[in-house]
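Novice: Construct all of the structure, not just a fragment, from the sequences and the given hints.
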Amino acid sequence: MSFATAKLVIEASKPNPKDGYVAISQFLDAICQSLPVQLATIWRINVESNSAVPIARSNCIPPLEEQVEFGHAYEGSLIHGVAMEMSKTNSVFWQTEDITSSELFSLHKSPDRVRKMGLKHFWSISFANYHIQDTGLQNGPAGVLNIYTSKECIDKETAEFLSGRLSDLVSTIHLIQKDKISDTVLKVLKEEIGSPSTVYTRLINEVLVSLLNCQAASIYEWSSHENAYELVATSGLINENTSPVLTGEGLVPLVGELNDVVMLRNFRDSDELHARTGVFLSGFALDQTIEKTESVPMSVLCFPVSNPASPAEGRPIAIVKLVNKRHPFKNRSIDFDGDDKALASEFASVFSLFEENQRLSKARTTFALLFGHEAQAPASGIRGAADRLLYKADRMQLNPRLQRSIVQDIFDFSELLISFSESLQIGFANRKNRRARTYSYQLLNISEPIEAAKRLVTPICRYERLDFEKIGIYARLPDVYIDRRAAMQIFYNLFTNAIKYRHLSENESFRVFVNVKYRTAINIPAMAFDANLRDELATVRRTGILIEVSDYGIGIDPKNANKIFGEGYREPSAGKTVARGSGIGLFVVKNIVTDLKGAIWVSSCVGPTIISIFLPQELLYDRPKLPSHEEFKK
Amino acid sequence: MKRRIIWCDDDLFFFKSTVEELEELYDVHITRNADEFWRKLTSHDQNYFSGVIMDVILPHGEIVSAKQSENGERTGLVLLEMLKSSGSFSALPVVLLSIRDNHDIDAMAKTHRVPVFQKAGVRIAELIETVRKSFGE
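Each protein sequence line maps, in turn, to chains A and B. Quick note on numbering that gives the first Met the number 0: the first sequence kicks off at 0 and runs consecutively. Quick note on numbering that gives the first Met the number 0: the second sequence kicks off at 0 and runs consecutively.
Worth flagging that the hints you see were computed from the coordinates, not collected in a lab. You may find that some hints are simply not true.
As a list, the in silico DSBU-like pairs of lysine-lysine whose alpha-carbon atoms are at most 30 Å apart [what the hints assert, rightly or not]:
| no. | chain 1 | residue 1 | chain 2 | residue 2 |
| --- | --- | --- | --- | --- |
| 1 | B | 1 | B | 132 |
| 2 | A | 558 | B | 66 |
| 3 | B | 66 | A | 562 |
Specialist: Written out as structure tokens, the structure is:
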């Protein structure tokens, strides 16, 4: 058959990309009808999981005992060898008239079968998934079409034609799949708005299992209440009686930590996980939750659903876990590939909008409850004091001393209410347009806001029978350009934390020290400037002021030292000491310090707990050159 | 001699006017969490305290687990159940304080015939009157 006839047959087959893998098989059938094919296979290459999986095979199936494997490692295989050759010559094909005498034959996984079937003429033609290449998700070919023919019948033009057609087909299938995913997610969200549990279940069944072709799927959502990822829907777990809230080690918390996709050939293989992520988790930790699957659970694709408001920062709002990709024509599982990763990313983008809506709705309620109480407490104090004034007046029991004391209470509570409102304004203003732009920088000695904060907590200390003089300031304090109210808020929040989280049984040992090291070159943990950094030991050396606020309270779990500045974060053990807490105090402090181009970190977790604050040299009165207000704002 | 009452609340600073007013009538023993409360109560005989004033949202601890108390949200209710089911202290009168309306709290208070007050709404005269009636003078 001439090339022109072959082309006609292939064109006439018109595989419909909507049919997915069936269309690829139809395309291969058309090739087999038009060319003297002995054996032909279309392989999908997955560089990331180092695997090659056949997605279509010609009808000329060899005897069972000689059947080619249903997937193997990519590196060191014939497919890898020919892909390297193609890359060297910048070509879309590689061919040999006799595969058995080729140098690459040693890489063949079934050399006996080749000899038995008398396979000789071999063409390997690569194809691309344009979408994946464009997005940089996978370099090199998306796969190869390997054809053994009984005679020499393929030429360069035929190979390029087949490569182009197959690339078009694979790319179109991918785009249709992607569209189908977004459409179905949107359809489910539209139909089930307001009913999260049904939404999650439908997304698992109608999208993750059906369209991402896996045997099992689960969705985990971040719970700020538990400070952990919590299972919200699953196609089924093996250990169903447990209700997993994933706080510790495990794949789901790890993906949350990395904020990146993790794709594994064998989810129990700690070495594979280490090779891909640099993190070592024991097999036990990886086994924390196991989804029910038709075949033995093996391959896994676990991806984060990022917060749409700040995708690159912070913690993902949900984690989706897919287990065991279905083999297109065999009832067994295969590895997930670059296509799946791209499709998962499409799902995550659409789903994140829904998740964010749910999260905001929950956050609104929590915010109203938390801040309602936080604002209510001093307001109740004012009301209580006024009520006592009335109570005493009605009974003619008011004397000037008591009267003054009650009015002083009203004054103190009002100050706290104002301070709370300041805290909200500073910490929760629009992040992109934070208060930094409206800070009013003035030259003052840093002792001024520290003393002001101390005065504000004095009534609390007095009531709690704490010696507030034990909030000691030990240093020569420099003059700085700073917003007075913002600086006071920093120390007020640190002092109230020290009071709240002191050892209740050891009031006598209550101590807070403020130490200022002036104009020293300071080693600052790099993570204090960039929370996304993983290297805990990396430091940055800067010149400025180092303020250390230390106390001998209940301490901080070293594991959580970097989390305590997060919005709404509360130490899990804090509930034993103080039932209520908004978890915003240190978040507000961090926001202010960041606005001042400084850094804050925990330099000692216990005995004493030390919070270190670095303020840059630019804020110092006698700095070499004073930037203009406009420059500083930048 | 003044009667003794035990008050359990981790956040009494803003309630100091009421505490100070009660202190004129009673010897008020403040405790700040479930453990401290239970330890103090049970370290004396059943007649040592004349009554209990208790917030619902309280720090949990060893006596009441985080799970039982739903992370502190119902520690006071768990303590109330413990008190009422204990042989020695079941007759001790209790006044509950709560920061918000809650069907759960009302139902349990009704079961144990315990008065409940909203912290933000209670008047000093009203609370003192109830305490006097329940705990005696």
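Novice: Each hint should be assessed against the structure and marked as holding or not.
Specialist: Verification of the supplied hints:
1. 1(B) with 132(B): 15 Å, holds
2. 558(A) with 66(B): 22 Å, holds
3. 66(B) with 562(A): The given pair, whose Cα atoms are some 23 Å apart, holds under the 30 Å limit.
The structure agrees with every numbered hint stated previously.
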